[in-house]
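Number of protein chains: 2
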Amino acid sequence: MDLQQKIHSKIAERRDEYIDFLKQIVKEPSTTGNELGAQTLMADRLKQSGLDVDVWIPDYDELVKSKFFNPLRDNYEGSPNVVGVLKGASNEGRSVILNGHIDVVPSGEESKWTHHPYSGEVVDGKLYGRGTTDMKGGNISTLIALETVMALGIELKGDVIYESVIEEETGGAGTLAAIQRGYKADVAIIPEPSEMRIFPKQQGSLWFEIEVTGLSAHGGTRYEGVSALEKGWIVFNEIMKLEEKRNAPLRNDPLYKDNPIPIPINIGQFNGGYFPSSVAEKAKIQGRYGVAPGETIEEAKEQFVNMLENLKTIDDWFEKHPATVKWGGIHLPPGGCELDHPMLEILKEKYADVEKKEAVLAGSTWGTDGGLLTQAGGIPSIVFGPGTTSMAHFTDEYVELDKLFKTAEIIALAIIEWCEINSIKK
Amino acid sequence: MDLQQKIHSKIAERRDEYIDFLKQIVKEPSTTGNELGAQTLMADRLKQSGLDVDVWIPDYDELVKSKFFNPLRDNYEGSPNVVGVLKGASNEGRSVILNGHIDVVPSGEESKWTHHPYSGEVVDGKLYGRGTTDMKGGNISTLIALETVMALGIELKGDVIYESVIEEETGGAGTLAAIQRGYKADVAIIPEPSEMRIFPKQQGSLWFEIEVTGLSAHGGTRYEGVSALEKGWIVFNEIMKLEEKRNAPLRNDPLYKDNPIPIPINIGQFNGGYFPSSVAEKAKIQGRYGVAPGETIEEAKEQFVNMLENLKTIDDWFEKHPATVKWGGIHLPPGGCELDHPMLEILKEKYADVEKKEAVLAGSTWGTDGGLLTQAGGIPSIVFGPGTTSMAHFTDEYVELDKLFKTAEIIALAIIEWCEINSIKK
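Line order of the protein sequences matches chains A and B.
Our numbering applies: residue 1 is where the first sequence begins, and numbers increase by one.
Our numbering applies: residue 1 is where the second sequence begins, and numbers increase by one.
If you are wondering where the hints come from, they were derived from the structure by calculation, not from laboratory data.
Just so you know, these numbers come straight off a predicted model, no measurement behind them.
Think of the CB as a built atom: it goes at the ideal place given N, C-alpha and C, for glycine as much as any other residue.
Please note that a few of the clues may not be correct.
Below 30 Å or equal to it, Euclidean Cα-Cα: the simulated BS3-like pairs (lysine-lysine) are [said to hold, decoys possible]:
no., chain 1, residue 1, chain 2, residue 2
1, B, Lys282, A, Lys112
2, B, Lys284, A, Lys326
3, A, Lys282, B, Lys282
4, B, Lys326, A, Lys112
5, B, Lys312, A, Lys284
6, A, Lys312, B, Lys112
7, A, Lys241, B, Lys241
8, A, Lys257, A, Lys356
Calculated from the model, a selection of chain A residues having no Cβ within reach of chain B, i.e. all distances over 12 Å [what the hints assert, rightly or not]:
no., residue
9, Lys184
10, Met307
11, Lys312
12, Phe318
The task is simple: from the sequences and hints, build the whole structure.
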């Protein structure tokens with residue numbers, strides 16, 4: 001048996017055990033602030049596997065020193081980070097970080113789910129539940145890769161650092177804390193739901209909150225007021241025009257050729273008014289702003305602020321009542337690696353070996369912790385994971401188990417080639 | 001001295017006493033459910049004046065039998081209605097109801113008030129406080145009118161029924177209960193804040209709540225979802241078109257000639273989405289729907305529902321995901337009287353006598369209990385009161401005292417002419 005066959009067999013042997021473990025992790029509703037249960041399971045597992053495990057509560061006072069930090073809360077009690085290290089035999093070996101977040105977005109209306117969002121039910125080769133695709137399934141695939149390398153008695157030259165971090169969905173504090181704690185490597189793989197495509201470029205994303213002001217009046221004489229809802233729709237439309245403008249240059253990028261909106265601006269929430277028969281005096285527009293790979297957060301913000309300032313040329317009202325923006329929550333810079341990075345070549349090769357077809361390269365449609373690894377940590381980052389892209393944050397989210405195990409196989413092979421074999425215990 | 005001079009002198013004599021009484025009433029924060037203090041003052045006053053006073057708790061089981069009832073609560077303990085009757089000398093005399101609500105809307109942020117909302121402070125001829133204009137000031141003006149008639153020893157042929165009712169601001173249960181208890185008259189005057197204009201037509205109003213459905217997706221691939229916000233905006237626009245269509249026929253009505261939107265549809269609240277970087281799957285649109293004088297609630301609802309059903313011809317999405325409406329909260333039918341109603345002539349004439357100028361007739365911009373009196377009670381209703389229209393529901397609400405006393409004078413004269421003098425005690 002060659003190495004690939006051995007890896008394949010070893011994973012196949014333990015398939016049911018891994019499915020059970022993924023179910024356990026999915027059953028923990030690890031939304032922001034509620035990560036403890038899932039992280040305890042992860043830490044225990046990494047310890048059992050024989051890694052050096054580090055569990056710690058991210059330190060607000062330390063985080064706040066970084067310009068990449070965007071505080072959502074001011075303490076992380078009950079929300080530990082977990083890192084497990086497989087130390088390489090040589091100081092010269094190339095190291096790799098396997099980074100994945102444990103937090104999940106809220107389930108939305110549970111009644112709409114065919115399978116309860118925290119059930120982990122398996123039907124037709126798909127494991128269902130909130131976070132299965134984004135990204136607990138991915139995290140299990142890198143865990144499998146790492147455990148399989150160890151199970152085969154392979155000693156690597158370089159370090160493998162397995163990171164199970166908190167709070168990617170709401171800001172990236174977990175990965176930033178891991179960087180600040182000193183976890184560095186020559187490259188990072190992040191198994192976010194790329195559907196087994198390889199993403200050497202990952203857009204960043206920012207959350208914005210716009211406040212629009214109107215003038216209240218009785219609904220029966222609504223013409224005496226100014227509706228913040230109507231003014232809010234003007235802002236809404238201008239945001240959509242900005243999206244169009246910002247995406248135009250990316251339409252010729254081969255990494256985005258199949259993507260109708262490479263860097264979307266998603267207006268996720270619009271809330272305004274306080275009484276049915278009063279004219280709304282405030283509206284709040286909240287959303288997610290895609291930052292282009294290669295763009296800085298500062299550049300992206302400037303375009304957004306200019307759009308808001310320009311509103312007064314469209315409607316006089318904004319002259320004296322400007323729409324204002326606050327940035328909060330997600331604040332992920334774009335990430336990636338050079339297009340000739342050797343890990344990219346390795347991943348493509350291993351993908352072809354396992355899948356018997358050429359890998360698809362693309363740019364990510366969302367921000368990931370790869371931006372922090374790249375920009376705050378100086379670590380080239382590649383996204384490659386098994387999850388179904390369209391199911392992230394979706395009702396009836398699932399991960400395809402075959403893809404999960406194939407991803408594990410490819411990553412195991414890639415780790416071995418990247419970190420190099422020092423010895424194999426028989 | 002002619003009758004008008006006598007009335008004027010009598011009112012002037014007791015001016016300070018009435019201001020004190022209004023202050024006492026304003027100091028009672030008679031929001032929905034908290035009417036007892038103010039109603040006790042009113043009942044005691046009516047008794048002292050020599051009326052037959054009826055104080056009772058509206059009966060939910062009785063109210064619920066009426067199609068005009070829109071329940072906000074299921075019992076009225078602590079919220080009595082008060083009616084005082086001045087019985088006329090003849091069974092043939094024309095009767096009149098003087099109807100006013102004792103409930104007030106909440107004060108909003110008290111810190112924004114220059115004068116505390118329940119202080120009843122008088123500055124520069126204005127008495128400040130929540131409910132002064134809407135409509136405790138009006139209620140005092142009709143009380144003054146009635147007491148003045150009595151103080152002058154005038155015995156009327158027809159009955160005068162003074163109603164101090166609960167819960168106009170949140171549904172009309174008080175007036176409906178008074179109708180059910182058997183209080184009927186040939187005409188009703190409601191001293192809502194018309195700013196001494198005479199409103200022979202009063203629009204009704206309904207509160208609506210529309211739910212719009214989208215399809216959630218990750219914000220980074222928002223093109224895979226369907227935004228309930230964008231769909232909601234289509235609904236918003238269609239509501240505005242319906243408003244335009246419904247108002248067109250009223251634009252030639254002389255009563256609405258100075259009103260840019262005679263029967264407004266006010267969209268007061270728009271709330272949708274649950275997460276900045278998810279596509280919104282629900283949006284809720286809440287507002288206030290003006291019902292045209294002469295229109296039934298059923299007819300108005302039908303137009304609204306048709307508009308919603310028509311959405312599918314504008315956007316296929318609504319075919320399988322129809323926008324739905326619930327009606328709740330305010331549910332006031334339109335009211336009014338014939339334009340050749342003799343009481344209307346009397347009010348115009350008495351207004352001219354007192355004010356030395358022609359009365360302004362208009363249609364009300366809001367619903368009042370006049371709708372229930374007209375449609376549930378079959379009693380023609382006219383709104384005529386001293387309050388400042390724009391101050392209703394507003395911070396620093398006030399009533400102008402001169403207008404209050406002039407209104408009292410006009411109403412006293414009108415009552416005497418309408419009910420006719422049977423005898424005068426010397």
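Q: Quick one: which hint numbers does this structure break? Sort them smallest to largest.
A: none
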